[in-house]
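Asker: Please model the entire structure based on the sequences and the hints provided.
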Amino acid sequence: MPNKGTYKFSIDSLIAKYEFEPGLRDIFVEGDSDVKVIDEYTGYFGLRPFAAYSIDDVNVPAELVRPAYGSGNRGRVVALSVALSEELQPNLINVFCVADRDFECIDKSLPECGRLLLVDFSALESYGFTWEKMNAYFRKFFQVEVSEQVFQSIIKICRESFLIRAYKQSYARELSWAGLQNSLSLSSDDGIRFDRSSFLSRQLTSKGYHDTIVALETWLDSHLSLRVDDFRHWIHKDDFYEVLSWYLRSKRTPITLCNADVLKGLVFLTLSPDYLSQFNFFKMLADWVANGIRPLRII
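Add 20 to the 1-based position in the sequence shown for the numbering used here, that's all there is to it.
These are calculated hints, taken from the structure and not from any lab test.
Treat the hints with care, as some may be off.
In silico SDA-like cross-links for lysine to any residue, where the CA-CA straight-line distance does not exceed 20 Å [claimed, not checked]:
{"hint": "1", "residue 1": "K188", "residue 2": "S33"}
{"hint": "2", "residue 1": "K128", "residue 2": "N93"}
{"hint": "3", "residue 1": "K56", "residue 2": "K37"}
{"hint": "4", "residue 1": "K128", "residue 2": "V248"}
{"hint": "5", "residue 1": "K271", "residue 2": "G211"}
{"hint": "6", "residue 1": "K284", "residue 2": "V164"}
{"hint": "7", "residue 1": "K56", "residue 2": "D281"}
{"hint": "8", "residue 1": "K56", "residue 2": "E41"}
{"hint": "9", "residue 1": "K271", "residue 2": "R159"}
{"hint": "10", "residue 1": "K271", "residue 2": "I175"}
{"hint": "11", "residue 1": "K128", "residue 2": "Q189"}
{"hint": "12", "residue 1": "K271", "residue 2": "E168"}
{"hint": "13", "residue 1": "K153", "residue 2": "Y295"}
{"hint": "14", "residue 1": "K153", "residue 2": "L289"}
{"hint": "15", "residue 1": "K176", "residue 2": "D231"}
{"hint": "16", "residue 1": "K28", "residue 2": "A82"}
{"hint": "17", "residue 1": "K128", "residue 2": "V85"}
{"hint": "18", "residue 1": "K271", "residue 2": "K188"}
{"hint": "19", "residue 1": "K176", "residue 2": "L244"}
{"hint": "20", "residue 1": "K188", "residue 2": "R159"}
{"hint": "21", "residue 1": "K56", "residue 2": "D249"}
{"hint": "22", "residue 1": "K284", "residue 2": "T273"}
{"hint": "23", "residue 1": "K56", "residue 2": "L286"}
{"hint": "24", "residue 1": "K128", "residue 2": "D231"}
{"hint": "25", "residue 1": "K303", "residue 2": "R68"}
{"hint": "26", "residue 1": "K271", "residue 2": "L286"}
{"hint": "27", "residue 1": "K128", "residue 2": "L240"}
{"hint": "28", "residue 1": "K128", "residue 2": "S91"}
{"hint": "29", "residue 1": "K153", "residue 2": "S53"}
Answerer: What follows is the structure, encoded as structure tokens:
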């Protein structure tokens, strides 16, 4: 987060700006990577006028960020959307805020807010979490073949971990997160095995939450039985990078390539404008900039 003196905008200055410049088409997103992806998309299709800004450009007072909004930059984006909604006339369609969906598929805790939009999946990177796209880059950059079976085992682990995170968010927010890697092993069929019991023991028992394990296991099993139309709703980007990094290291991929920043860079390479144009959020973005159609939050 920038020092206070390095912010480009205060909330008051943004309210004044958007009250008097109805022709603008601006969005505020969680970070610089999001800005780059969305700028590339709008530039490729000639969508103008348009500007995307990182929430790091805005001084969002800490007291405006509620626990239900999420942590870090996501919480600040949601807080900004609420502040703008409270002060700007609803008929103005010149500014919106865009946040990751995070755990909204489970716990719909975000406020009703006309200036808050969510990407289609749990995070912007999630658009690139497909076997077809990722395996092409694995072969090109790592000279490693990741079979569809291995990829599906990664997704299965990430879905379990996503649910554990969601439970923690609702019932044990104060707990720090234990990494997954010490609970991973290769299975006999070259897939990846996740020892959920050992993970929960490290996550909960060692921190005085032993009595929570039975309730959490029951909650997990009930949610794992639910039908999932697209796993990208149920995956946390940090878990995806962690499990994938662990697998690549197990295949003796050079360790300099097996870190989250490198993998994140590869994922963002998959997010071409043509590919993104098929998804609801990006269709809505194009209709707003090109045709003045007010974007609505996708449930």
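Asker: State for each hint whether it applies.
Answerer: Here is what the structure says about each hint:
no.: 1; hint: K188 <-> S33; verdict: 37 Å, violated
no.: 2; hint: K128 <-> N93; verdict: 18 Å, holds
no.: 3; hint: K56 <-> K37; verdict: 23 Å, violated
no.: 4; hint: K128 <-> V248; verdict: 17 Å, holds
no.: 5; hint: K271 <-> G211; verdict: 12 Å, holds
no.: 6; hint: K284 <-> V164; verdict: 17 Å, holds
no.: 7; hint: K56 <-> D281; verdict: 16 Å, holds
no.: 8; hint: K56 <-> E41; verdict: 24 Å, violated
no.: 9; hint: K271 <-> R159; verdict: 13 Å, holds
no.: 10; hint: K271 <-> I175; verdict: 18 Å, holds
no.: 11; hint: K128 <-> Q189; verdict: 12 Å, holds
no.: 12; hint: K271 <-> E168; verdict: 16 Å, holds
no.: 13; hint: K153 <-> Y295; verdict: 11 Å, holds
no.: 14; hint: K153 <-> L289; verdict: 10 Å, holds
no.: 15; hint: K176 <-> D231; verdict: 26 Å, violated
no.: 16; hint: K28 <-> A82; verdict: 17 Å, holds
no.: 17; hint: K128 <-> V85; verdict: 17 Å, holds
no.: 18; hint: K271 <-> K188; verdict: 32 Å, violated
no.: 19; hint: K176 <-> L244; verdict: 10 Å, holds
no.: 20; hint: K188 <-> R159; verdict: 36 Å, violated
no.: 21; hint: K56 <-> D249; verdict: 28 Å, violated
no.: 22; hint: K284 <-> T273; verdict: 16 Å, holds
no.: 23; hint: K56 <-> L286; verdict: 14 Å, holds
no.: 24; hint: K128 <-> D231; verdict: 26 Å, violated
no.: 25; hint: K303 <-> R68; verdict: 15 Å, holds
no.: 26; hint: K271 <-> L286; verdict: 18 Å, holds
no.: 27; hint: K128 <-> L240; verdict: 17 Å, holds
no.: 28; hint: K128 <-> S91; verdict: 15 Å, holds
no.: 29; hint: K153 <-> S53; verdict: 19 Å, holds
Of the numbered hints listed earlier, those contradicted by the structure are 1, 3, 8, 15, 18, 20, 21, 24.
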